[in-house]
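There are 4 protein chains.
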Amino acid sequence: MRIGVLTAGGDCPGLNAVIRSVVHRALTGHGDEVIGFEDGFKGLLDGRFRKLDLDAVSGILARGGTILGSARLERARLREACESAKDFSREYGIDVLIPIGGEGTLTAARMLADAGMPVVGVPKTIDNDISSTDRTFGFDTAVGVATEAIDRLKTTAESHQRVMVVEVMGRHAGWIALESGMAGGAHGICLPEREFDVNDLVKMVEERFARGKKFAVVCVAEGAHPLAGTMDYKKGAIDQFGHERFSGIGTALAHELEKRLGKEARPVILGHVQRGGTPTAYDRVLATRFGWHAVEAAHRGDFGKMTALRGTDIVMTPLAEAITELKRVPADRMDEAESVF
Amino acid sequence: MRIGVLTAGGDCPGLNAVIRSVVHRALTGHGDEVIGFEDGFKGLLDGRFRKLDLDAVSGILARGGTILGSARLERARLREACESAKDFSREYGIDVLIPIGGEGTLTAARMLADAGMPVVGVPKTIDNDISSTDRTFGFDTAVGVATEAIDRLKTTAESHQRVMVVEVMGRHAGWIALESGMAGGAHGICLPEREFDVNDLVKMVEERFARGKKFAVVCVAEGAHPLAGTMDYKKGAIDQFGHERFSGIGTALAHELEKRLGKEARPVILGHVQRGGTPTAYDRVLATRFGWHAVEAAHRGDFGKMTALRGTDIVMTPLAEAITELKRVPADRMDEAESVF
Amino acid sequence: MRIGVLTAGGDCPGLNAVIRSVVHRALTGHGDEVIGFEDGFKGLLDGRFRKLDLDAVSGILARGGTILGSARLERARLREACESAKDFSREYGIDVLIPIGGEGTLTAARMLADAGMPVVGVPKTIDNDISSTDRTFGFDTAVGVATEAIDRLKTTAESHQRVMVVEVMGRHAGWIALESGMAGGAHGICLPEREFDVNDLVKMVEERFARGKKFAVVCVAEGAHPLAGTMDYKKGAIDQFGHERFSGIGTALAHELEKRLGKEARPVILGHVQRGGTPTAYDRVLATRFGWHAVEAAHRGDFGKMTALRGTDIVMTPLAEAITELKRVPADRMDEAESVF
Amino acid sequence: MRIGVLTAGGDCPGLNAVIRSVVHRALTGHGDEVIGFEDGFKGLLDGRFRKLDLDAVSGILARGGTILGSARLERARLREACESAKDFSREYGIDVLIPIGGEGTLTAARMLADAGMPVVGVPKTIDNDISSTDRTFGFDTAVGVATEAIDRLKTTAESHQRVMVVEVMGRHAGWIALESGMAGGAHGICLPEREFDVNDLVKMVEERFARGKKFAVVCVAEGAHPLAGTMDYKKGAIDQFGHERFSGIGTALAHELEKRLGKEARPVILGHVQRGGTPTAYDRVLATRFGWHAVEAAHRGDFGKMTALRGTDIVMTPLAEAITELKRVPADRMDEAESVF
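Protein chains in written order, with UniProt numbering: chain D, 1 to 341; chain G, 1 to 341; chain H, 1 to 341; chain Z, 1 to 341.
If you are wondering where the hints come from, they were derived from the structure by calculation, not from laboratory data.
Check the hints yourself; a few may be wrong.
Listed next, the stretches of chain H that the computed footprint assigns to chain D, with coverage defined by at least 3 CB atoms under 8 Å from CB atoms of chain D [to be verified]:
| id | segment |
| --- | --- |
| 1 | 63-74 |
| 2 | 151-160 |
| 3 | 258-269 |
Derived DEER-like restraints, expressed as beta-carbon distance ranges [said to hold, decoys possible]:
| id | chain 1 | residue 1 | chain 2 | residue 2 | range |
| --- | --- | --- | --- | --- | --- |
| 4 | D | Asp55 | G | Arg79 | 40 to 50 Å |
| 5 | H | Glu83 | G | Met1 | 55 to 65 Å |
| 6 | D | Arg310 | G | Tyr92 | 38 to 48 Å |
Short, incomplete list of chain D residues facing chain H, as computed with Cβ under 7 Å [as the list claims (entries may be wrong)]:
| id | residue |
| --- | --- |
| 7 | Asp11 |
| 8 | Gly64 |
| 9 | Thr66 |
| 10 | Gly69 |
| 11 | Ser89 |
| 12 | Gly93 |
| 13 | Leu153 |
| 14 | Glu158 |
| 15 | Ser159 |
| 16 | His160 |
| 17 | His172 |
| 18 | Gly262 |
| 19 | Arg266 |
| 20 | Gly271 |
| 21 | Val273 |
| 22 | Arg275 |
Glycine included, each C-beta is placed from N, C-alpha and C at the ideal position.
Next comes chain D alone, as it looks inside the complex (with noise of 0.2 Å):
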């Protein structure tokens, strides 16, 4: 068999795994023989690409990043592509693709698997919201690096009688904020699930100095939105330079504590530090366990689906389920965090 495979969407720790694992059962477990294309999609459709041997995967197991490379394409071209794929396979002679993506990246799969091209995809996200697989690798690393930073702040915001507000990645789902805020014991976590109301911060600062603990940190997701009427926020407001993403929630809601709080209020804006970097043993173990199976998949001719994390075991699931809606927060997970604040 001749596989190729292609990484896609933002960087997350993990995807060298992926590649390694893949290339590894292919070579060793049945003989196959494996192709890399450069940049995602781009270098499917420029040709762009590179055996993969075992050499070509020594040693990355535990590197962030991609040896493949990772590129933006536009909607269009991409479409544009899809409907021709069954050239794809033909041209390069590959028998499978597995693309190791986001949202995007699947509902392109699933364009390619729609239009006759034998495709295993492997989901990809540190935000954790694909639907229909209970985890996701590079989230675990991604909440641990939270998580850590999280941890320092406390201390010094203790020392210095602070209010810190952490703002960490998640646009539209609030896994990341939700876990690192529990795990770092943050006292207040903001997803973008529940709209918050800057009166309760208020007020739990408030009661936290008045019994004496005389600091507070605050957990919030980049796409955390206040509650109307309560904070004076703008999502999406430009700032000096032009920049949606330079002007935040992290720092508007600090800004807004110190205000309203008479007390200093400083905001950590984590950003790229989370996608980065070696991955947890968590997130190598999955990513490692969804390439073994992309690749059984892909022999067993299961094509048009990804492989999905369910309890402790990995499973098929038909690309269509995974990217009708994304996994958010329910509301229970949300009631524990708070309790425990």
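Given chain D, put chains G, H and Z in place with the hints provided.
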């Protein structure tokens, strides 16, 4: 409600997170009172306990160990104690006991429950070998510590053309060896669940050297055993000090490989570092959720059960089921791991 | 002897290690008594202090922050206080005061010493910019945090062909940027000590891309400033919230590079995570030694001085010398760093 | 200029950082050519080397081990080789050799220098025991690994009322034990430089238990030795496999303490994890500076010397001085450490 909590058995990162979560949920969510028994069941028998308020659990979320202490108790004394269980409830005026512990503790918990005491258990083992829960807290931390050690050993093995044998915890179940071996990219993994053939390891190392990869790392669970006739090893052999534990399989295997291969082989026995220290974010979240749900179960009167992870949900499962058999690594997980060496 | 100790100024990993060391050495080595003033000089002025015995400092060696708290104090109030310094000694019955702090604290310490109070200072700054000591504790931890961030950002920059701009602490001296940039292998380092030419950075990135290295990481100290005419940047510009700190050089530089290069550039502002959390082993050793030697100096009557590292020795150096000028990165260290990009 | 570089002796985090720095400085700063000999002096003798350009050293800064490999060489063969040293220079057309290694390597380097070969040495040892340099790279990483282990062991020891004995590297000098013991807050530190009295350790543990601190951690260097008559221990005793190394002082001491105290004591032998893996920021900076200055020295014709850290400066020091005597822990450093237990 008045809740008693205790921690028993070997150390496990996340115990403090459970205690903290129980106290927070009980006090803040329900207006309960919580007392903590010292040194496990010993404190229950001897009447050593203290009140746990929010201040008592402040700052312990990220700390290893247990603020309540833990101690071994002879089965006989425990059994005797269990028979008089109802007295405890009355004596200390507790409406429910939440024992946090491993197989032995859960067995004791069941005895107490059978004797009529309201009990809600929380499973705890770094070995991840308790049935009816997908995972236990502490395991992820242990795997992380072992994986970091393997990462470090790989670079030094590679530079010096050596074979390194890492012995990790796992007397009856090989989960730590499986996942840390997979995450660290070990070239051989030996588990208690499947006797290993030393000849296979010798062949693997020789093939690697032949391919120009002049090093290898083998990850072996302390309870792994060689196939009869492939290596001279008597489990439980007594060392020069009369201790069984100081002459384990790791050391023996390194010696055997060195002898057969004519190459340097070194054992590294990780030992207790796997049990201590700051829990990973994953373990803190799982421990916190277990604590939360144990309190909720207590308030629902859902006794004689323990918390368990199923997929992404925390469910309650009968104590009787949990302790009937050890959760061992199934054959397909071993096959997966072996094929990505 | 009765010793008073206080921590003042910004947070710095290792403060607790100094406190612990002072208490251990004073109590165990000399049979002294130690009291700790709360919230820096504020506690000294307001008479808020508590006795510190071995139990009070148990378990704090590896903890960030300061168990004594720290707070800013207006210069005027401090000066006023210093003039009545002798009273403190008599009022609290202390034979010596050990203030642990940065430049401001050491200046105050000197005023107290000049006013006749027995003082032994311990220098503290994550910025490493205090003259007459080779290093200060806290610096190694800050560099470690920044280096780990750069490590993570490099993998993600590489996969996505991006320029990442990491802003680290250092308003007047660029030590953190210098050492974390060097340790992380940044491709450009901008320090307050030397105005940088944006054209050089643009050229560097373009040359890297031309060589096939399609990413770059620039490490910039918060106090770095562009050469006039090479980039439009007004230090201390006020952001949308009226805060100077939220529109730093990191964000401005990322924007400028993106505009000029036509490639994605992203800023990451590390902020307060550099100040908090567990100190590195290096910082714990240095802090412990500083505490030990401060107590010895007190017993020798070696007042008006502070502890300092010279090579591998801890020596006492006059407070007057320490605060005359900031220790800035010398030109040869900048040259070294630049040539290994 | 054509520069030859090699790495010899035991593994040490930072070797790759030196190699990278040499290549960067030589190529970018001077337009030199660099070749790397494989497996230390073996490659020099056998003529196994490869050209090192910027690509060859890309991405290795943070990686443990050495891309050039390292191997032991019998003294006799080396001596023989040294006598024909001039030939090497001519044979490979190198103008200078930069050997990176420990005491043995530097001795060989001196022989080569005496034989007329232009040599600039770079000292390397995790043990920090080379005279005439304040510190060596690799040491900080080893101390960091050992300290993290002690941190972890303390929490587990405390929860279970145990004595933990951690054996760290250091056959002839106890620097790692000194600094990791101090940083980890060990309650006893045993070094090769001062025979320890087991009775003192027993007394220390008993006093701690009497004070209510029911655990203790002892940090012991592998080369530490008990005072005659206080404990039965024969250095270099042979274990069941005929290996000296498997029956070290850590295991023997744990056994002795358990016997005398009637409390559980457990040994943890850290072993090779101290030698491998990602170097700390401190070690990367020191290694990078050593490489840079070695190239500069070569261009100045400053041969027969090695790089050394003095305070904050890198200086050149005669090889002859470096190897005359081991740098051992002085008495005052031991006193410092002992008084903050």
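Taking the hints in turn, this is what the structure says about them:
Only residues whose beta carbon comes within less than 8 Å of a beta carbon in chain D count, and the segment 63-74 of chain H has 7; three or more means the coverage holds. Here the segment 151-160 of chain H counts 10 residues with a CB under 8 Å from a CB of chain D, which clears the bar of 3, and the coverage holds. For the segment 258-269 of chain H, the stated coverage by chain D holds: 4 residues have a C-beta nearer than 8 Å to a C-beta of that chain, and at least 3 were required. Here the CB-CB span from aspartate 55/D to arginine 79/G is close to 60 Å, at odds with the stated 40 to 50 Å.
Between glutamate 83/H and methionine 1/G the beta carbon distance is about 59 Å. The supplied range of 55 to 65 Å therefore holds. A C-beta distance of roughly 42 Å is found between arginine 310/D and tyrosine 92/G, which places it inside the suggested range of 38 to 48 Å. Of the supplied interface hints, the one on aspartate 11/D holds, with its beta-carbon coming within about 4 Å of a beta-carbon of chain H, less than 7 Å. The beta carbon of glycine 64/D is positioned within 7 Å of a beta carbon in chain H (closest approach about 3 Å), and the interface hint is therefore held.
Given hint, threonine 66/D at the interface with chain H, holds; its Cβ is 5 Å from that chain's nearest Cβ, closer than 7 Å. Residue-level restraint check for glycine 69/D holds (minimum Cβ-Cβ distance to chain H is 6 Å; threshold 7 Å). With a cut of 7 Å, the hint placing serine 89/D at the interface with chain H is violated, because the nearest CB-to-CB distance is about 26 Å. For the restraint placing glycine 93/D at the interface with chain H, the shortest Cβ-Cβ distance is roughly 27 Å, beyond the 7 Å limit, so the hint is violated.
With its C-beta approaching chain H no nearer than about 5 Å, leucine 153/D sits inside the 7 Å limit, and its interface hint holds. A least Cβ separation of about 5 Å between glutamate 158/D and chain H falls short of the 7 Å threshold, and the interface hint therefore holds. Evaluation of the serine 159/D hint against chain H yields a held restraint, the C-beta minimum of about 4 Å falling below 7 Å. Hint on histidine 160/D holds. Least Cβ distance to chain H is approximately 6 Å, under the 7 Å limit.
Annotation: histidine 172/D was flagged as interfacial toward chain H, and the flag is violated, the nearest CB pair being 20 Å apart, outside 7 Å. Annotation: glycine 262/D was flagged as interfacial toward chain H, and the flag is violated, the nearest CB pair being 14 Å apart, outside 7 Å. Because the smallest distance between the Cβ of arginine 266/D and any Cβ of chain H comes to about 6 Å, under 7 Å, the interface hint for this residue holds. Contact between glycine 271/D and chain H, as hinted, is supported at the beta carbon level, the nearest pair being about 5 Å apart and thus within 7 Å.
The interface hint given for valine 273/D is met, as the beta carbon of that residue sits about 5 Å from the closest beta carbon of chain H, less than 7 Å. Of the supplied interface hints, the one on arginine 275/D holds, with its beta-carbon coming within about 5 Å of a beta-carbon of chain H, less than 7 Å.
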